[in-house]
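So the protein lines, in turn, are chains A and B. All letters in the first sequence, in the order written, are residues 1 to 347 by this note's numbering. All letters in the second sequence, in the order written, are residues 1001 to 1347 by this note's numbering.
Don't read these hints as lab results, they were simulated from the structure. Just so it is clear, the structure is predicted and the values come from calculations on it, not from any experiment. There's no promise every hint is true.
Only pairs whose alpha carbons sit at most 30 Å apart, straight line, appear in this in silico DSS-like list of lysine-lysine [to be verified]:
1) A:K333 / A:K316
2) B:K1247 / A:K134
3) B:K1031 / A:K316
Some chain A residues well away from chain B (every beta-carbon gap over 12 Å; in silico) [said to hold, decoys possible]:
4) P113
5) R220
6) Q300
7) L328
Glycine is no exception: its CB is placed at the ideal position from the N, C-alpha and C atoms.
Protein chains: 2
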Amino acid sequence: MTYSLECPVTGYKETDVVTMAHGSGGESMQKLISEMFAKAFPDLQAEDDAATFDVSGPGQFATSIDSFVVDPIFFKGGNIASLSVHGTVNDLAMKGAMPLYLNVAFILEEGLPLRRLKLLVLLLARAAKKAGIKIVTGDTKVVPKGKGDGIYIITSGIGVVFCEKSLTPGPKKVSVGDKIIVSGDIGRHGMSIMSAREGFDPLRSDSAPLNEMVKSLYDRDINPKCMRDATRGGVAAVLNEIARVKKVHIRIDEEKVPVDEEIKGLAEILGYDLLHVANEGRFVLFVKPEDAEKTVKILQTFKGGEQAAIIGEVVKEHKTGSVTAETLLGTEKPILMPAGEILPRIC
Amino acid sequence: MTYSLECPVTGYKETDVVTMAHGSGGESMQKLISEMFAKAFPDLQAEDDAATFDVSGPGQFATSIDSFVVDPIFFKGGNIASLSVHGTVNDLAMKGAMPLYLNVAFILEEGLPLRRLKLLVLLLARAAKKAGIKIVTGDTKVVPKGKGDGIYIITSGIGVVFCEKSLTPGPKKVSVGDKIIVSGDIGRHGMSIMSAREGFDPLRSDSAPLNEMVKSLYDRDINPKCMRDATRGGVAAVLNEIARVKKVHIRIDEEKVPVDEEIKGLAEILGYDLLHVANEGRFVLFVKPEDAEKTVKILQTFKGGEQAAIIGEVVKEHKTGSVTAETLLGTEKPILMPAGEILPRIC
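Construct the complete structure from the given sequences, taking the supplied hints into account.
Here it is as structure tokens:
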């Protein structure tokens, strides 16, 4: 794999590794902070354990936290570092929030090569810059060999909500008649990880920040009722969660769910239902019927959104919430909340 | 050990354990969220992956993130769950911020008993309630057996800064003449962990939230120039960090540094310098000379602050920053930034 970096991974020999001393608050940790983190993260408030930021007036903010334990840490189209930025940026974007500040924590396993850490730190900095979020504070812990798995990254973020408070998207805003849209073809991230694990030709993950896509909807007067990035558990989990919260019956047309032929092929071989497979750059939107076509057109102007499509609607109220799909015969089959392991360590 | 809990640890058999399915976004994870997390954390916005909060007007806020990998996870006077609340609350308090919102992420190792997880979740809820911080959002990941160590907890927090922006404490506010105070006797947390690891009679950790102590200073018109909780690396690391940032020479009187006789005894046996040992409920303050006595008196009214004392001062500018201690002979010895491992996995 080749990476084009603003700053090359230099300054460490291949034998330089993370030691327990890097986590113990003394000289080694100070050196790691000043020589690696503070240089890679220009907005880091490295002199304190907390960062401060100003708010200029009243408003609504969003916050989120996510751990990343993906295995392998490099995959086609991304890596644990870029994923850790996109995951949190996207959780904020799903509440209609523009990303502002990111906190980053590393749990490092003793023995991790410092070159590899530096590479991930640089990739993290690049992903944050691209998503327009500032890395302001962090933390580093080291666990003994055998008590971790190289590197786990945890990010938490703060964003400012674009829309008026009464319009903040969420499952409770969903109502009968809403159209359901997916922002692009599904299942790429999960199948990318599985192709890497199984030794197939690697398929590209969809991992990407969604904030610009979301912003463009608000800029063009679309206020989605609810948005959810379809990560672990895939589109099926998202639809079931929302159906349960709002106690509605959701019906989708499986034929309309956009999938790539190559992704579909691998899923069939490995026995996965793509509706259950994780995405890291795709989201599900619930919009008013009259906004549906316009929403799809806006999404389709973005990279990753070319195949955005209306896939179903909220058909009626339902005692516990349910999701079904229309079959070609005109009958309905249930789309269940995924159960069991599905795809472990996908993010 | 006995715990008096608002809610007992029931509903799980001893053989019920965390499985990979609990981390995969499907039915098992939903059940964990609805049956355990949402019940324990009353402010959890469990329906979305991000939480929203309102800000009523202009102001300065603080944010922080910390991972907790302490071993053992239960120690006298605390546990990984309470520590994960105190650590983040204290990082915020050190910037003069009142804690508002907490995000919590769990990295669970496959096989962790669900009873144990529930106990820690309840202890986390109790510590958050006591510190006055609301748990608003979270994340759960599961890693395979042998890739973690039972449980790692990561918290990030948001707080609102008490004081005027120009008075926000930080290392750059320190100046020659400032008095240096510790808020209580030092070294308790590190020695508590070591006593547990070595099989000694357990000594009590100082783990505690510091926000009320800090608030009382501001309420009584004390604006500390700089505050820092003396966690990993202890008081010696804090003093050296600040001396380096501000390029000053700090001199302390080691005789004035408050220590408990039992703590001191264990440190001597194990060969630790208590200035290098972690605290989790003690902080170092830099204040104007005229505020020093009043500050100590306020701190002494708090549990854990009984032995608060002035331990030194900022004596002059210095090219690179240095810390020394006066000896009984009237000479000076260097207090260095701790080097090497010190105490691994102390928090």
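Results of checking the hints against the structure:
no., hint, result
1, A:K333 / A:K316, "holds, 16 Å"
2, B:K1247 / A:K134, "holds, 27 Å"
3, B:K1031 / A:K316, "holds, 25 Å"
4, P113, "holds, 18 Å"
5, R220, "holds, 23 Å"
6, Q300, "holds, 25 Å"
7, L328, "holds, 27 Å"
Going through the hint list in order, the structure satisfies each hint without exception.
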